[in-house]
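Trainee: Letter by letter, the chains look like this.
2 protein chains.
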Amino acid sequence: MMLKKVLLSGFAGLAVLAVGILIGHFGIEKGSSAPSWMSDLSRDVDEKLIQDGAASTHRELTRVPHMATTAGDEATVQYMLKNWQDTDTGLDASWREDYRVYLSFPNRDKPNNVSVGELCVEKAYQSEQDDPEVVQPYAAYGPAGEVKGRLVYANQGKASDYETLNATLSLTGTIAIVRYGGAGRADKAINAAPFGVIGVLVYTDPYDINDGLMSDENETYPHSWYLPPSGVERGSYKNHFGDPLTPYLAAKNGTYRIPVENITGIPPIPIQPIGFEDAQALICELGGSAAPEDWQGSFPCSYNFGGPGFASSSPFNNSDVTLHLYNRGELRDSANVMGVIWGSVEPDRYVIYGNHRDSWVHGAIDPSSGTAVMLEIARVLGQKVKAGKWRPRRTIIFGSWGAEEFGLIGSAEYAEEYVSKLSQRTVAYINVDISVFANATLRASGSPTVQNVIFKVNIPGSDSVSVYDNWIRYSNRTSAAYGNIPNVGHMTGAGSDYASFVHYLGITSLDISYTYDRSTTRARIYPAYHTAYDTFDYASTYIDPGFTSHQTVARTAGNVLIRLADGLLLPFNCSDYAETLEQFVSTAAEAFEAQLVANGISLEPLKAAVKRFRTAATSLDRTIHNSDLLLLLSGRPLRARMINDQLMLLDRAFLDPLAFPNKYGYRHVIWASRSSNVATFPGVADAVEKARASGRKEDWAQAHKHLSIVTQAISGAAHTLAEAQR
Amino acid sequence: MMLKKVLLSGFAGLAVLAVGILIGHFGIEKGSSAPSWMSDLSRDVDEKLIQDGAASTHRELTRVPHMATTAGDEATVQYMLKNWQDTDTGLDASWREDYRVYLSFPNRDKPNNVSVGELCVEKAYQSEQDDPEVVQPYAAYGPAGEVKGRLVYANQGKASDYETLNATLSLTGTIAIVRYGGAGRADKAINAAPFGVIGVLVYTDPYDINDGLMSDENETYPHSWYLPPSGVERGSYKNHFGDPLTPYLAAKNGTYRIPVENITGIPPIPIQPIGFEDAQALICELGGSAAPEDWQGSFPCSYNFGGPGFASSSPFNNSDVTLHLYNRGELRDSANVMGVIWGSVEPDRYVIYGNHRDSWVHGAIDPSSGTAVMLEIARVLGQKVKAGKWRPRRTIIFGSWGAEEFGLIGSAEYAEEYVSKLSQRTVAYINVDISVFANATLRASGSPTVQNVIFKVNIPGSDSVSVYDNWIRYSNRTSAAYGNIPNVGHMTGAGSDYASFVHYLGITSLDISYTYDRSTTRARIYPAYHTAYDTFDYASTYIDPGFTSHQTVARTAGNVLIRLADGLLLPFNCSDYAETLEQFVSTAAEAFEAQLVANGISLEPLKAAVKRFRTAATSLDRTIHNSDLLLLLSGRPLRARMINDQLMLLDRAFLDPLAFPNKYGYRHVIWASRSSNVATFPGVADAVEKARASGRKEDWAQAHKHLSIVTQAISGAAHTLAEAQR
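Chains as they are written, first to last, in the UniProt record's numbering: chain Z, 1 to 726; chain H, 1 to 726.
Treat each hint with caution, since some may be false.
What the hints assert, rightly or not - Only pairs whose alpha carbons sit at most 35 Å apart, straight line, appear in this in silico DSBU-like list of lysine-lysine: (1) H:Lys-110 - Z:Lys-663; (2) H:Lys-611 - Z:Lys-82; (3) Z:Lys-663 - H:Lys-607.
Think of the hints as simulated: they come from the structure by calculation, not from any bench.
Please build the complete structure, drawing on both the sequences and the hints.
Mentor: Structure below.
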C-alpha cells in the first residue's frame, strides 16, 4: 500500500520530533537528520506544554459571556491582540479589522415571552449562568411580533412535515412547535409560512440530544453532559452567510446596504426557541390525532398533531398560544483579529488558519476550544519566530473571526474585502472551530487533495494509539487507491467559517476536530451547544478532562499548518481529487443516467472530462513523485513554484460564479450545498431531482445545463493540471 | 521628463538592434552589449524581410472569400497550419480547435430582396467580386420574414431617433430606413420594434463614409478608396459576444444549448443592409416634413421623415416597401488555429497574440492585414526557435480565431473553455485585427499599464520619423506624470477579439493598428469595410501601397510581444493605472458628486480607495525601479516572480462577475461598456444617469451600489499591489 509506505518512511524521526513536523513530500527520510529549527521546535512543543497552554488560555477566554460585539467580545479582542503582539511569543504583526454589520438581538427591557405556560428561563446551576450578560434565548434574525393561535406539532419543520400536517388539518393562523434537526433553523419558519402558520416554537427533544434523559435531579447537567430541561439552543436563523445588508461587499462605513426588508433567507414569521420542559408542557397537551411514529420523541406522552390546539381534556383547552417577541436588528462594529508570520521564501503565498471568537454565552466549547488551540499553535510558532530560530517558507495568517454565530459574518466580510488577494495567493485554509466535540476520535473534512496531509500526521493520541490508528477504527472507507483509510468528509455545507473560503473563494480547505464515539450516544451535538451551560467547568468536566484531546487537535492542526506553510512542494495530492470525481460520476450514472438518456442528455462529455482530469492528475503526480525531482528543484525554484501554483489553484478551477444564482456565496461546482440525497455534483443532482418531479422539458434542460457547467469546470481543471511543456 | 529619459536610455542600442527588442525595465543600458540571440534576431528582422513576407502572405490569404466555416475559411485554416507546422519556420506546435457554433446565413437559393426599386447587387468591377462565394449582403442574425409597410427615415436608428420620429408620426406598421453609425447594428432594430416598426433597412451614407462622394464614374472605387454606390457593409447584428446558444460555455458537441428563441440582443424584426444607390432612390422620394439638420446626409435632396411613405409627387406614391428576407441559422463547425512557442524559464506564463481569420468576403484589410502581420511575426520567431537560437522566457501563444465576424465567437469560446488556465497564467493579450486602416499613424488602445510598453517601441516609421514621434503628432494627450504623450485609448467596447480577454477574463490587453490622418477624411472606417471590394488590389492600391505600414505594425506588435514574453520583470507600469483611476474619480466628482451627496451618497470611500491604490502603486514602482533590484533578482527568481504576479494579476482584481448582470460577458468594472457620455467608471456613470432621469430612490441606491462595487475592486487591487513583507 503506497499510503502506508509514505506514512512509515515519513515518520521515522517521530521519536525525536515530538510534534512530528515533516515538510511536504520531501520531508525527513529515514536516517536523515532534522534541520536544527525543526529539532528546536520539537523541543518546545511537547505534550505538556500544549496541554497547560490550552487549559489556561481556555479559562481566560471563557470567563465571561462574549457574544459578538458585546463588552465580553471586546475583552477577547484585547486578549488576542495582547497574545499576538507579545514581544516574546507573539507574531510578526497583529491588528484588528472592524466591519459594521447587521446583527439581531432580543430586547433586554422587554424579554421575549411565550404565553400559555410562562416561558422558563435557563436555570442557573452555577454562578456563571446568573451573569446578567447571558443573552436570553432567541432566534437571531427572527422578526419581532405578537402572534396568537392554536398550537400544532410539526415534527422538524421540514417542508414535507408541514405538507403532512396540512393534509390533516388547516394550518391557517396556527402556531407550530417543531424540534431541532432535519431542517435549518430559518427554514423551520420559511417552510411554515406558505401554509398559513403565523408563528413557530423550536425546542430540542431529549430523544435527539440527551439519549432520552430528562431529569435534572440526577440525569442532566450538572450531573452529566446532558442538556437540562430549561436549556435552550440559541442560533442564527439566517440561511446566507455574511453580513445580510452587504451581499458580496465588505461591510465598511459607507458601503451600500440593501434595505432591511430585502434580506432573504430569514424567518418571515415570529419564531422562538424554548427549553424542552416548556415544550413538553405544550406538546403533551395537544389534541388531534397522533403524529406518525417517526415524529415521536422522548416525552412520556403521545405527540399529537394538535386539534389544532390542545386536547379538550387539557387544562389549556381552547387556549391559544401567544408569542410576544421583541428582537431587533442593530448595526454593530464587529472585529476580526488578524495575526501574521511572514514567509521567508514565498511571502506572497498564504496559509490561513482561523476560528471565530464570538460565542452565544461563555462558549467554552463553541468556539473557545478552537480558539485555545489556535492561540497555542500561534504561541509556539511565534516564540520560534521571535527567537529568530525559524520562519516558514510561506506566510501564515491567523484569523480570529467576529460574529460567526450570526452567520459566519467576520470571515465572509474578510473574504469579500480581500477577494482578489486571497484568490491569488492562498494555498489553503485550516478551520478549527469547536476543536473537541468529544474526546473519542479525530474528525476531518476537506478537499480530497488534503486528505493525504492529514493522514501524514501520525502523532500519538490520548491513549498512546496513534491519532491515525484510532481514527480509522471509528470512521473509515474503502478507497480504490489506498484500501481502508479514515474517512475524510466533504465540505458541502456552511457550518463554520470555512464556507467563504471553500465555496466563495475556491480555496482548498479543511476542518479538524475531535468528536464522539457514536456507539455511546446519538446526541445531535454536544448537549450544552449554544446554551448557558457551555462553560469552562462543563468542558473540563464532561468534554475533555485534562484537555488531552485539545492537545491532540492542536498538534494535528499545527502539524498540518506547518506542512502546508513550509514544504518546498505543497503536499497536495491531486489524484485523490480524481478519485472523488470518479466516484461522483459513477454515483450520477447509477442514479440518473438512464433517465437522462431518455431525455436526450448524455453523460459522456462528463465522463470524458473526468478521464482527462485523471490523466492529467496522474501525470502531475508522477512528476512530483519522480525521485530526481528534488534534486532538480533545488536549482530550479521556478519549477517548484509552477507545480505549487497548479496545486494551489486546483480548487479555484471549480468555481463558477454564475452556476448557482439562487445560492448566495456558493460558487464551487463540486462542493456547493445540495438538497438531493444523491452524493454527486450538487447542481446536477438537484436539477435532475427537480426534473424528475416535474417532468418538464425546461427542467431537464436545466439538468443538461448543470452537466455542461460541471463538465467544463472539470475539463478546465484538467487543463490546469496538464503539464506546461518544457 | 521621466518617460523621455527611459526612452533615451532604453534605446541607445537602436542602430544595432533594428527591431529594437529590449527586455522590460532592465533591458539594454547605454553601452551594454546585447545578448547574442538578440543580435541574431535583429539581423533577420530587417524591414525588407517583413515587407516581403507581409505582402505575399497577404496575397495568399485573400485569394478567395473566406467567410467563417466556408470552404475558403477551411483553406485559410490549412494555410495557417502549414505555416505554423513548418519544420524550418514553424512554431513548437500548432493545432486546430473546433467549436460547433450557431451562425446565420442568407439563403443562396432565395436571395433577400427589397421591393419598390429592386435591390441592387454589389457591382463587379473586378473578377473577384464575381466569385460565386461572395456572400450576398445581409444582416447576420436578423430574422427571416416578409414585411410590408410605409417607409420612414429614422436617422441612425438610435432610441432617441425613433422617439423624435414618433413625436411626428405613428410608426406602427412602418419600415424604417436608417444609416450606419450612432447605434450598434442590432440596436437599430431593437430600438425600433417598441415603436411598432416592423422592418428596417440600413445603408451607409456617403457623408459618413465617402466624404460626400458618390459617383463610380470617377469618384469611388475603382477610382479611389471610396465605397461604390452598390457597396454594402455586411455585419453581425448581435450584441453579445460568443456563440449565442452557449452563454458562458464552450460550444462543444454535447454542450447544453439554449433554445434559439431565447437568444437575446439580436433584431426582433427583419432588417437588411443596402447600398447607398438603393437608399438614395428611396430616401429622396420620401414625403412628410424635413428631418432635422443633423439627420441630413450627402444625397442631393431633402431627407424627409416620410409621410409615412413616399411623397405624393413620387412615382412610388402610395407604395409600400416590402422586405423578403430568408436568413437562416445553422450550427457549423468553426475552427481556431492555435500555435505555441514554449517558454524556457516560465512556460506557465502566457503571452497571447491573436487575430481572427474569417472575413465577410475576401477580407483583405479585415482581417487579412492583421493575419499577415501575425504570420510574419510567428515566422520570424519560429525560425529563431527552430534554429535553436532563441526561446522566450515565457510561453507565446498565437490564436487565429474563427467566426469573429459573427460576434467574436472563436475567441470567446476559447476564453470559456480555458477560463481557469488563462485566468491563472496569462500575462497579456495582444490583438492586431485590421492592422492598417490607413497608413498615417499608429493607433493603440489598452490597459494603462501597457501604455509604457508601446511607447518604448521606437522604431522608424515609413517616412523615417519614428513611430512614436509620428504618433504624437496625430494623437496626444497631457499626462500628469509625463506631459505630452501619444494618446492610448481605453478598451471599453467589444470591437474585436480582445473583448473576452479584457472584459471576461480581466487580462491586460492591447490593440494595435495603423490608421487615418483625420484631417483628410471623416470616413467612419475604410470605405470597403465588410464589402466585396475589400480585396488585395484595394489594400495594396489604396490602403497601404508597398505594405510599409503593415511592416511598421508588425515591428511594433512584434517588439511589444517580445518585451512581454522575454523580460525578467514584466514591463507593466502600475502607476499609470493610478493616473487613469484618479482621472476617472475627478471626472465622476465633477459630473456627479453634488447630486450624489444630495442623495446621501458619499464619494469619499471611492476617493480613499484610489489614494490607497496610488500609494501601493508608487511603492511597487519604487521597488521595481530600485537600481539594486536587478542585482538582487538575479539570485532570487522567486522575488521576480512575485512582482510579476502582482503585475500580471492587477487587471484581474477589477473583475466582478456579478456587477453587470445585464451585460453579457462584461466583468471588468473599469472597462465595461458604458452608455453615459461621462468618461468614468461605467457602472457608476450609467446608474447615476438613470437615477438622474428617474429621480427614484431605488435608482440612487443602485448608483450607491455601483460606487461600492468599484470602491471594493480598487481597494482589492491596491491590496494586491501592496508589498508582501520580507
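Trainee: If a hint holds in the structure, say so; if it doesn't, say that too.
Mentor: Verification of the supplied hints:
no.	hint	result
1	H:Lys-110 - Z:Lys-663	violated (49 Å)
2	H:Lys-611 - Z:Lys-82	holds (31 Å)
3	Z:Lys-663 - H:Lys-607	holds (33 Å)
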